Structure formats: C-alpha cells, structure tokens
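Novice: The residues making up each chain are set out below.
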Amino acid sequence: DTAVSQTPKYLVTQMGNDKSIKCEQNLGHDTMYWYKQDSKKFLKIMFSYNNKELIINETVPNRFSPKSPDKAHLNLHINSLELGDSAVYFCASSRKGSYEQYFGPGTRLTVT
Amino acid sequence: AQTVTQSQPEMSVQEAETVTLSCTYDTSESDYYLFWYKQPPSRQMILVIRQEAYKQQNATENRFSVNFQKAAKSFSLKISDSQLGDAAMYFCAFLPMYSGGGADGLTFGKGTHLIIQP
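If you read the sequences in order, they're chains A and B. Each residue of the first sequence is one higher than the last, beginning at -7 in this note's numbering. Each residue of the second sequence is one higher than the last, beginning at 97 in this note's numbering.
If you are wondering where the hints come from, they were derived from the structure by calculation, not from laboratory data. Heads up, a few of these hints could be off.
[Unchecked claim] Keeping only pairs whose Cα atoms sit at most 27 Å apart, straight-line, the calculated DSSO-like set for lysine-lysine is: (1) A/LYS63 x A/LYS28; (2) A/LYS36 x B/LYS166; (3) B/LYS151 x B/LYS206; (4) A/LYS59 x B/LYS174; (5) B/LYS169 x B/LYS206; (6) B/LYS169 x A/LYS36; (7) A/LYS88 x B/LYS166; (8) A/LYS33 x B/LYS169; (9) A/LYS32 x B/LYS174; (10) A/LYS59 x A/LYS36; (11) A/LYS28 x B/LYS169; (12) A/LYS33 x B/LYS174; (13) A/LYS1 x B/LYS151; (14) B/LYS169 x A/LYS32; (15) A/LYS1 x A/LYS59; (16) A/LYS59 x A/LYS88; (17) A/LYS11 x A/LYS1.
[Said to hold, decoys possible] With beta-carbon atoms standing in for the labels, derived distance ranges: (18) A/PRO0 x B/ALA97: 43 to 53 Å; (19) B/SER126 x A/SER12: 35 to 45 Å; (20) B/PRO214 x A/ASN43: 44 to 54 Å; (21) A/GLU74 x B/GLU157: 39 to 49 Å; (22) A/VAL4 x B/SER126: 24 to 34 Å; (23) B/LEU143 x A/PHE34: 16 to 26 Å; (24) B/LYS151 x A/ASP30: 27 to 37 Å; (25) A/ASP30 x B/ASN154: 23 to 33 Å; (26) B/ASN158 x A/LEU75: 40 to 50 Å; (27) A/LYS33 x B/PRO214: 20 to 30 Å; (28) A/HIS69 x B/PRO214: 42 to 52 Å; (29) A/GLU45 x B/GLU111: 19 to 29 Å.
Values in this document were obtained by computation on a predicted structure and should not be read as measured data. Each residue gets a CB set at the ideal place from its N, CA and C atoms; glycine is no exception.
Build the full structure now, drawing on both the sequences and the hints.
Specialist: So, in structure tokens, the structure goes:
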C-alpha cells in the first residue's frame, strides 16, 4: 500500500494555464505539507495543513493555493503558471507531535 | 528562522570505503531534531537517520552514523562500507521540537551529491 501518493507524477503545461496536483495519504496523519524542489535540488517548505487549518504559509506567490477537502488529502492549485514554477513538488504527511514526515513520490511540473 | 548549510556539493568515495558528509546549522531553538535524507535518482525522499538535540549519544543505523556536536552546531553523516546503492543526493534537515510539534516544515540544506566508484 502506498502511504503518500501524488497525481500526476509528471505534468507538462503551458504558461498561463491553471493546474492542480493531488496528494493523498492513507496513514491517518493529521498534518500534511507541500515542498518545492527547484532545478538546483533545493527543497523548501511551501505550506502545511493541520486539521484543515493552514499552519505555515511561506512567502510563496498567491497563485499557489493549498486545498484540503479532508484530513487525508491536500491538493495544490496553481494559477497562471510561470516558467519559474517548473520544479518537483513533494507532498508529505506526519502525525501531530511526531518528528517523522513521510514523503510522496513527487510531481515534476514543467512549464513551457 | 534556522538555516542549514552543506558545504560539499559533491563527494566521491570508493566502494567499501568510508565517507563523511558535513552539515552545519544555525538556530536559536534549544530543542530540535536533525535528519539526513537520501534522494536516489528515483527522487523518493528516504529518511536515513535522525538525532534529537537533547540526546548526547550519536545516532547510528547500521552503516550510517552521525557526529552531532551541539555546541558547534555541526551534524555530519558517516557512511561506512559504502555500497553502490548509496549513490544519491543527501540532504541534512532541521525540525524544531515544540510540545505541540509536527506542524513545522523541514528546513533543508542544499544537498551533497554522493558518487560511489566501483
């Protein structure tokens, strides 16, 4: 069983489009995260959600919006895509009070 | 805010030899976790080892061990008996330890690309 899954694994789209990346975890965790890994492999936290409440919102453009329909899902919506949004996006989850974050397989987004 | 620095963009080691990856960090927190993550070409993030800042004993996991120097804010990873499967990007990461914890994102270093020579 896959613990944290992301769809799609690869996404190629044009500038200006709007796209979503889905994340689901079947671990019963109550906190989920989105990280961005840029072309130089640098990983940075974008958002975290705890019980449907946004806990961290780093200085990301407001074109990015996390949406959590329930505790098992945290989707990432991106509006008006730009070339600089090309990256690998990782979803992760953890149990409240636990140090360990479980990562999904990543979604490689390419904006042309 | 905390920062994590990995000063070695790339390291190379002969198979079966030992290699040490360096990591330093800066924080005003007194309680925190430190981690080493491995990212092979499959890009999956794999937790290699963790260290709680309040523990003086260095963590070990089979061939992987750390040298944690809290005063110096240093957290190096030693890989013994290197194997071809160890080839990957290695990331050092920091996580504050709050009583309510777990809602914070990891702060990563820029990574070290480890090459294993047969």
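Novice: None of the hints should be skipped; say for each whether it holds.
Specialist: Now for the hints, and whether the structure bears them out:
1. A/LYS63 x A/LYS28: OK: A/LYS63 and A/LYS28 at ~21 Å, within 27 Å.
2. A/LYS36 x B/LYS166: It holds: about 24 Å lies between the C-alpha atoms, which stays within 27 Å.
3. B/LYS151 x B/LYS206: Since the Cα atoms of B/LYS151 and B/LYS206 sit roughly 25 Å apart, the hinted pair holds (cutoff 27 Å).
4. A/LYS59 x B/LYS174: violated, 40 Å
5. B/LYS169 x B/LYS206: holds, 17 Å
6. B/LYS169 x A/LYS36: holds, 21 Å
7. A/LYS88 x B/LYS166: holds, 26 Å
8. A/LYS33 x B/LYS169: With Cα atoms ~23 Å apart, A/LYS33 and B/LYS169 stay inside 27 Å; holds.
9. A/LYS32 x B/LYS174: Holds, at about 24 Å.
10. A/LYS59 x A/LYS36: Given pair A/LYS59, A/LYS36 holds - Cα atoms ~19 Å apart, limit 27 Å.
11. A/LYS28 x B/LYS169: Satisfied, since the Cα-Cα distance of roughly 26 Å is no more than 27 Å.
12. A/LYS33 x B/LYS174: holds, 22 Å
13. A/LYS1 x B/LYS151: It is violated: about 38 Å lies between the C-alpha atoms, which goes past 27 Å.
14. B/LYS169 x A/LYS32: holds, 25 Å
15. A/LYS1 x A/LYS59: Judged against 27 Å, a Cα distance of about 19 Å means the pair holds.
16. A/LYS59 x A/LYS88: Distance of about 19 Å is within 27 Å: holds.
17. A/LYS11 x A/LYS1: holds, 13 Å
18. A/PRO0 x B/ALA97: 43 to 53 Å: violated, 33 Å
19. B/SER126 x A/SER12: 35 to 45 Å: The hint (35 to 45 Å, Cβ to Cβ) holds, given that B/SER126 and A/SER12 are roughly 40 Å apart.
20. B/PRO214 x A/ASN43: 44 to 54 Å: At roughly 49 Å between Cβ atoms, A/ASN43 and B/PRO214 fall inside 44 to 54 Å, so the hint holds.
21. A/GLU74 x B/GLU157: 39 to 49 Å: The hinted range 39 to 49 Å holds for A/GLU74 and B/GLU157, with Cβ atoms some 41 Å apart.
22. A/VAL4 x B/SER126: 24 to 34 Å: With Cβ atoms ~46 Å apart, the hint is violated.
23. B/LEU143 x A/PHE34: 16 to 26 Å: holds, 19 Å
24. B/LYS151 x A/ASP30: 27 to 37 Å: holds, 33 Å
25. A/ASP30 x B/ASN154: 23 to 33 Å: The hint (23 to 33 Å, Cβ to Cβ) holds, given that A/ASP30 and B/ASN154 are roughly 32 Å apart.
26. B/ASN158 x A/LEU75: 40 to 50 Å: With a Cβ separation near 43 Å, B/ASN158 and A/LEU75 satisfy 40 to 50 Å, so the hint holds.
27. A/LYS33 x B/PRO214: 20 to 30 Å: Since the Cβ atoms of A/LYS33 and B/PRO214 sit about 24 Å apart, the hinted range of 20 to 30 Å holds.
28. A/HIS69 x B/PRO214: 42 to 52 Å: holds, 45 Å
29. A/GLU45 x B/GLU111: 19 to 29 Å: violated, 48 Å
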